[in-house]
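K.L.:
With full-length UniProt numbering, letter number 36 in the sequence shown gets 36, and the count goes up by one each step, no holes.
Misleading hints may appear alongside valid ones.
Each computed DSBU-like pair below joins lysine-lysine, with the alpha-carbon atoms no more than 35 Å apart [stated by the list, open to error]:
1) Lys82 with Lys115
2) Lys80 with Lys69
3) Lys33 with Lys45
Label pairs and their calculated CB-CB ranges [as the list claims (entries may be wrong)]:
4) Leu65 with Asp124: 51 to 57 Å
5) Asp124 with Ser87: 54 to 60 Å
6) His106 with Lys80: 37 to 43 Å
7) Glu78 with Lys115: 37 to 43 Å
8) Gln103 with Ala77: 38 to 44 Å
I should point out that these hints are in silico values taken from the structure, not numbers from a laboratory. Note that beta-carbon positions come from the ideal geometry of N, C-alpha and C, so glycine has one too.
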Amino acid sequence: MSSTKMSKPTPTVTLAETLKTSSAPPGIKGFGKRSARASKLKEAKDTINRLQQERDVTIAQARQLGQEKEESTKREAELKEKVVEASAAVDGFEAGFTRATPQAPHFDPSLDASKLHMYKEVVDRELVED
Numbered sequence: 001m002s003s004t005k006m007s008k009p010t011p012t013v014t015l016a017e018t019l020k021t022s023s024a025p026p027g028i029k030g031f032g033k034r035s036a037r038a039s040k041l042k043e044a045k046d047t048i049n050r051l052q053q054e055r056d057v058t059i060a061q062a063r064q065l066g067q068e069k070e071e072s073t074k075r076e077a078e079l080k081e082k083v084v085e086a087s088a089a090v091d092g093f094e095a096g097f098t099r100a101t102p103q104a105p106h107f108d109p110s111l112d113a114s115k116l117h118m119y120k121e122v123v124d125r126e127l128v129e130d
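When you get a sec, could you build the whole thing from the sequences and use the hints?
P.N.:
Spelled out as structure tokens, the structure:
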């Protein structure tokens, strides 16, 4: 009779179980390198996800700032137009005062028009700064 030596069967290990363990299953060489690579790969994926989220936030902020800039530019144009209109009104007021001042003595020859001032007013019968 010949005796044949029977070897022990190698236990079957799933990939998920293999990745959960830190030591190599029996008969697998270089598992530590693969585990380190898998760890680095996971870190890289996490970094990519984090950077993509940061990018998305930055893009949203840039869009918001673009809208705010557009609104500010529009408001600036409106205010500049109001300044032009106000300046035109002041110019018209000054021109009217300049034209009216020489006319006052025409109505009352004793009036000294040199004392007229467009930025003063009469309060309680006295000429005061406005």
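K.L.:
Of all the hints given earlier, name the ones this structure violates by number, lowest first.
P.N.:
5
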